[in-house]
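Participant: First to last, the protein sequences are chains G, D and V.
For the record, in the first sequence the residue sitting at position 660 is 660 according to this note's numbering, with numbers rising by one throughout.
For the record, in the second sequence the residue sitting at position 98 is 98 according to this note's numbering, with numbers rising by one throughout.
For the record, in the third sequence the residue sitting at position 107 is 107 according to this note's numbering, with numbers rising by one throughout.
Please keep in mind that the hints were generated in silico from the structure rather than gathered at the bench.
Check before you lean on any hint, since a few could be wrong.
Unchecked claim - The calculated DSS-like cross-link candidates involving lysine-lysine, where the alpha carbons are at most 30 Å apart (straight line), are:
#1 LYS313(G) <-> LYS239(G)
#2 LYS578(G) <-> LYS530(G)
#3 LYS323(G) <-> LYS353(G)
#4 LYS464(G) <-> LYS20(V)
#5 LYS113(V) <-> LYS101(D)
#6 LYS353(G) <-> LYS115(D)
#7 LYS212(G) <-> LYS578(G)
#8 LYS508(G) <-> LYS204(G)
#9 LYS464(G) <-> LYS323(G)
#10 LYS464(G) <-> LYS297(G)
#11 LYS564(G) <-> LYS508(G)
#12 LYS12(D) <-> LYS113(V)
#13 LYS508(G) <-> LYS235(G)
#14 LYS578(G) <-> LYS77(G)
#15 LYS20(V) <-> LYS202(D)
#16 LYS12(D) <-> LYS106(V)
#17 LYS212(G) <-> LYS176(G)
#18 LYS20(V) <-> LYS345(G)
#19 LYS345(G) <-> LYS233(G)
#20 LYS77(G) <-> LYS530(G)
#21 LYS176(G) <-> LYS508(G)
#22 LYS170(G) <-> LYS233(G)
#23 LYS7(V) <-> LYS202(D)
#24 LYS313(G) <-> LYS323(G)
#25 LYS564(G) <-> LYS530(G)
#26 LYS464(G) <-> LYS7(V)
#27 LYS533(G) <-> LYS446(G)
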Amino acid sequence: MSEREEPRVGVYVCHCGTNIAGVVDVEEVAKAAQALPGVVVAKHTMYACSEATQREIINDVQQEKLNRVVVAACSPKMHEPTFRAALERAGLNKYLFEMANIREQDSWVHKDGHKATEKAKDLVRMAVARARLLRAYEERELPVGERVLVVGGGIAGIQAALDLADSGYKVFLVEKEPFIGGHMAQLDKTFPTLDCSTCILAPKMAEVARHKNITLLTNAEVTEVTGFVGNFKVKVRQKARFVTSECTACNECVPVCPVAVPDEFNMGLGLRKAIYKSLPQAVPAEYAIDIENCLNKPNLLVCEKCLEACSPKAIDFEQPREKELELAVDTVIIAIGADPYDPSKGQDYGYGKYENVITTIDFERIIAPTGPTNGKLLRPSDLGKPQRIAFIQCVGSRIANPELVGNPYCSGICCMVSIKQALLIREKLPEAEITIYYIDIRAKGKGFEEMYRRARLAGIRFIKGLPAEVLENDDGSLTLVGENILLGELYEHRHDLVILSVGLEARKESEKVQKLLGVARSSDGFFAEKHPKLEPVDTATTGIFLAGAAESPKDIRESSTQAKAAASRAARLMKEGKIRIEALTAEVREEMCVACGICESVCPFNAIHVDGTSKVTEAACQGCGVCAASCPVGAITMHNFTDEQILAQVEAALAERPEEKAIVFTCNWCSYAGADMAGTSRLEYDPSVRLIRLMCSGRLNPKFVLRAFELGAAGVLVTGCHPGECHYQSGNYRALSRFQLLQGLLRSLGIAEERFGLEWVSAAEGERFSQVVNAFADRLRRLRAAPEEQEMVEVH
Amino acid sequence: MKVLYYPGCSLKTVAESFERSAKLAMAALGVELVELERWNCCGTVSALTTDDLMHQLAPIRNLIRVQEAGEERLVTLCAMCYNTLKRADLWVAQHPEELAKINAFLDEEPDYRGKVRVLHLLELLRDELGFATVKERVVRPLTGLRVIPYYGCLLLRPREVGLDSAENPRILEDLIVALGAEPVDTPYKTQCCGSYHTTTHKEIVAKRAHAILSSAREHGGEVLISSCPLCSFNLDNRQRLVRELYDGFAPVPVLYFTELLGLALGLDPQAWISEQHYVDPRPLLEEHQLLKR
Amino acid sequence: MLELSSKELQRAVEELSGQKVFACYQCGKCSASCPFAAEMDLTPRQVLEYIMDGRVEVLNSNTIWICASCFSCMARCPNGIDISKVMEALRQLLLRSGRDQLDLLKIPEADLKEIPQIAFIAGARKLIG
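Kindly produce the complete structure, drawing on both the sequences and the hints.
Facilitator: As C-alpha cells, then:
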C-alpha cells in the first residue's frame, strides 16, 4: 500500500455481549464513526473477535478496498494479535490496525451511559485519527545461532548448561571462582529428603567437565557484552590457575605449601593452602593456586615447594596472570545466584563478635564431612560439644524498617534450612536440646510440612517470639533474651551454640552484571523477569534469560526447575534459527540529524550511535522512544508511535469541549495495564479522562503536552512505571526530569501547575490507577470552580 | 578555639562536677566553652505526639538564642539536653509548616531559620579535635584503670540523633583507650537507667542500677562513666537503695566522662569532685595514683 | 476508662502517634528489648496486639506509665514502628482527659534537693496532662 493512498478506514464497534453494549450505546458510536473523515465502513457487531466478524472484516477490506481497520472493543492487550492476524489474512499489513479500548477503559469503569457513550465516541475518533496516519512496516528477521553463554556455575548454571549441551547447543559456562558448584557444594544435606548434597551434585559437575558441548571457563568473569540476540559479543577475563591439565589431583603439593589462609569455602572457619581445591570432588579436578596469597609473584619465584612435590610437573608459574577471551554467542543465561545475608552488617545478635554465634551457612560447613571439623558437630570457641543449640529465624529478613540493615522480603528457604539442620543435629547428638525461635514457619513445598512435623515429633522445640539480643557468658555460652509470645512471658535462655537463620540477597556483583547486560533489576536487587506470572524466566531483553536465585531467593529444587525452564526458552529461540523483531524501532532522518549525540547518551540499550549521523542498530532497539523524545531537532521517528500519530490522538480527543477533558499519557507496560486492571476490577473512576498509550513514559515529547494545553485541555496527566521498575530501565526517570522542566515552562505560560501531573502506577495497581485519576479530576474540578483563586496563585 | 555551649539546669545544681570538669579539661585542650546567653530549659524530653507543638517551643527558643549569637553550632554536655535540642531541630527541618506555626507563635522572637547544628561534646572530641590529638595531650595515662562506658539511651536513640551505632557504639571506648585506660564491655551499656522513675518508683530504678552495675562488676569494671546527670544520679546515688535491697552488692563509683578526661590531662580532680558523688571515687583514684599531681 | 469505641481508640492512637500500628507482625523484639518489661502487666508487644484487637482496656494497663521512652523497642522494631510514640499516644489520651499520674507537691523535700531537676520535668511531662 502506498503512503500517499487516501485512507479508507473500516470501524467495527463491539457489543461484547452486554459487557460494552450494556453501558455504551454502540449503535450511536458506530453512527458517529461513520461521519469521521476517511471512514468508509462503520458497523457494530455482537462479538468483534468471533470468526464471523473477522471474516466480515476481511471481506470488507477486499470489497470496500479498506486500507485501515479500527476495532472498538476490549484492550489491545487482549485481542490486538487476533485482529492483526485477520488483517494479514486479508492481505493488509498488520500495522495498519488500531484498537479503541471501550471496554476495560470505558464500559467497565463508568456507570453513566451517556458519559460512557461520549467517551467511546472520543476514543473511536482518536483511533481513527491515528489510523489515518498508520504506516505499513515489515518485521525484520534476525538469524539466531546455537551458542549460549551461561554466567555462573552454581546448580542453576550447571543444570541449564547440561540441558542445552545435551540438546546439541554449544555452551560457554563462565564461573568466577576456580571451582564450580556454588552454594550447593557447601551444603551437607538437602531438604526435605536429606540426601547428601555433594553426592547428587558431584556427578553433574563431572558431566559439565567432560561434556563435549560445554566449554568451562573457571576463574573467569564477563567484562563486556555488546550486541543483541543472535549476535552477542562477550569479553571474558580469565585469571590464571597456574596448574595445567597435567594435574592428576594427587594432593602431593598441598602438604608442602607453607601458606595457610582462611578458607572462604568453609566460611573462614578453617584454613586452606595457597594451592588448594574446595572439595575432594571439586570440578575442575585440577588444583588451583591463589596467587594473591602465594609467596611467588609474577617473574619472582621465591618458593618452589609445590613445584618440587609435583611429579607430573603440572605447575606452571609462567602462565600469563590473566587473559582476555572473546566469545560470540546467540543467547545468554544469567545464573549468578545469590549471597547469604551477612549478619555482621547489621550487627545482628553479636555475629562477628561472639564466636559461638554462627549462621546457617557456617553451620553447613561445620556439619559437612568435607568441612573443617570433618563433620563433627563442635562449637567454634572451644571445639566443645554443644548441648543446647538455638536457631533464630528471620535474621536480616522481613525488615521493613529502613533504619535497620536487612531485607524487607521473606527468602522462603530459611525455615526449612533450620528444620533440616535441627534434624541433622538430632541424628548426631540425640540428647541435645534444640530450640528454633521463630515468628512464622513457612513450609510450603513438596514434603516440607511433613518434615516440619517430623522435627516437632523429634522433640525440637519451637518457640514463637524472636530474641531481641544475645548476651555472651563467661563460659562462651549465650543467653537469648526474648518473649515467648504465645505465653506472653519473657525468657532468658542459655544456649551453647546459636545459629542465625539467614536469608538470601542479591549478589554483590548484580549491579555490575546488570550494567553489562542491560537488563533490569527489581527493587529488592534481584534480576527482574519479563512478567512475574507468564514470563518468569525471560528478561525484557530478547535472548537473555534468568536461572536460579539470581531472580529471587530459591532452594535447589526451584533453582533447577527455573534453570531447566530458562534452558528450554533459550533453546526455543535457537532451534527456530531466527527471530522476528516487532517493527517498533527508531528511525533517524539523517538529513535532519545534527549528530549531537544526545540520543546515544540516553539510549538504555546501546542501540543508537553517532557515526557521521546517528544510526540505529535495529536489532538492539527496543522501541521505547526515549531518543525520539530527546532529539532536539525532531530527527527521530518512532515506528508505529510517530509524533504525528500521537498529536492526532491529542487533537481528536480535544475536538469537543476540551475544557472538560484531561489527557492521560500511559506507558504500555505498567500504567496502561494498570488502567486495564482497574477495568477488569470494575473500579469506577471519573469519565473525563482520555488515555493515550505510549510505549514508555520516556517517549513523552513536551510538544504533546503543550499541544494539549494549547487546545484547551483541562489537564494533562503523565503516568508510568514506578521508579526502578521501568520496562526500559530508566525511561520513567526521563519522564520525571522532563515533567519537572515542563512545569517551569507551563508556569511561565500562565498555566496553573495543578493542571499538569505525574504519577507512577504499576500493572497490578488498578485501584491506584482509579484513585490517581479521581484525585486528578477532583483537582481540575476545584480549579475550574475557583478560577479567581487560581489566578491569585499565579500572581504570587 | 571558642565553642558555644549549652549547660542546662542540672549542670548548675546537682551536676556541677560535670560542668567544672568539662570546662577545665577542654581548656587544657585549648577549647574555651562559652556559655550560651539567656538559655532556658531544653524541654528535657521530646514531644512524641504529632500534634504537640507546645513542647517544641523550649528547645527552639534555645536554638534562636544560638542564631542571635551569630553561631551555627551548639555543644551540649547533658545527654538529655543533647537529644531534646537535636531532635527538635530535626523535627522542624522535616516539618516546615509546623516551624512556620512555631515562628508565628513566638512572635516576640526572630524566626528560627533552621541553621543550627547541635553537637555533643563527645562528637567535638571525636570529629573535630580527634581522639589521636587527645591522646597526644594525655600527661597521666590512666593505665590499668578498667572503665565501664555507659551510654544509656539518649546519646544513641533514636538513630537519627544518635552520635554512634545504636547497637554497637564505640565512641566512649575509643575515648577510654585514648586516655590510656581499659574499656570494659557489658551488655547493659545502652540500656535505660530508669530515668524519671527515680522520683516516684525508686525501686524500679534501683533494680536497673543493680543490673547495670553488677554486670559491670562481673566484667571487671572499676568505675563507670556517664554523660547524663540523671543517669549518673540513678546509677550513683541510688546505690544507697541498691545496697539495702541486694545483699553483697559492691559499690561502683560513677564519674562523668569529662572527669576521666581531666584526670588523664593531669588536672587536679579536687578542682571539681564534690560531695555530690554518693560513692566516693577518691579511694579508687588514690589506688591508681591519680590524685597526686 | 475513657468512653471510646475500638475504632476510635485505633484512630486516636494512629493519629497521635503517627505510627502504623497495624504493620506489627508480633515478633516480640520490643518486649525483649524493653528493660522494664518485667514490671509491666502487658508486654509492649501485647499493647500493640490489644490496640489491633480494639481493646480499650489497654488504657488500664500499667505498661503505658512504666514505659520511660528509652527508645530501645523502636531501635529494633523490624517494621519501623516507633512504639515509644504509641505509648505516648495512649498516655496522652488519658492525660488530656485529666487523669494525672503524678503530684509534684507530694514529693519529699529531701528528694527535691537531691534529684536532678530534669527528672521532675521529665516526669511531669510524661505523667501530668
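Participant: Run the distance test for LYS508(G) versus LYS235(G): straight-line Cα separation, threshold 30 Å.
Facilitator: It holds: about 20 Å lies between the C-alpha atoms, which stays within 30 Å.
Participant: Against the 30 Å threshold, does the CA-CA distance of LYS313(G) and LYS323(G) hold or violate the hint?
Facilitator: Roughly 22 Å separates the two Cα atoms, so the pair holds.
Participant: Holds or violated: LYS212(G) with LYS578(G), Cα cutoff 30 Å?
Facilitator: Holds, because 25 Å separates the two Cα atoms, which is no more than 30 Å.
Participant: Take the C-alpha atoms of LYS77(G) and LYS530(G), compute the straight-line distance between them, and say whether it is at most 30 Å.
Facilitator: The hint holds at about 15 Å.
Participant: Quickly compare the C-alpha distance for LYS464(G) and LYS323(G) to 30 Å and report which way the hint goes.
Facilitator: violated (54 Å)
Participant: Straight-line Cα separation of LYS353(G) and LYS115(D) no greater than 30 Å?
Facilitator: violated (39 Å)
Participant: For the pair supplied as a hint, LYS578(G) and LYS77(G), is the alpha-carbon distance within the 30 Å limit?
Facilitator: holds (25 Å)
Participant: Is LYS212(G) close enough to LYS176(G), meaning Cα to Cα at most 30 Å?
Facilitator: Holds, at about 21 Å.
Participant: Would you mind confirming whether the straight-line C-alpha gap from LYS464(G) to LYS297(G) stays at or under 30 Å?
Facilitator: Not OK: LYS464(G) and LYS297(G) at ~55 Å, beyond 30 Å, violated.
Participant: Would the pair LYS323(G) and LYS353(G) pass a check requiring their Cα atoms to be no farther apart than 30 Å?
Facilitator: violated (40 Å)
Participant: So if I understand the rule, the pair passes when the alpha-carbon distance is 30 Å or less; does LYS564(G) with LYS508(G) pass?
Facilitator: Distance ~25 Å between LYS564(G) and LYS508(G) Cα, so the pair holds.
Participant: Are the Cα atoms of LYS170(G) and LYS233(G) separated by 30 Å or less?
Facilitator: It holds: about 15 Å lies between the C-alpha atoms, which stays within 30 Å.
The structure does not agree with the numbered hints 3, 5, 6, 9, 10, 15, 19 and 23 stated previously, though it agrees with the rest.
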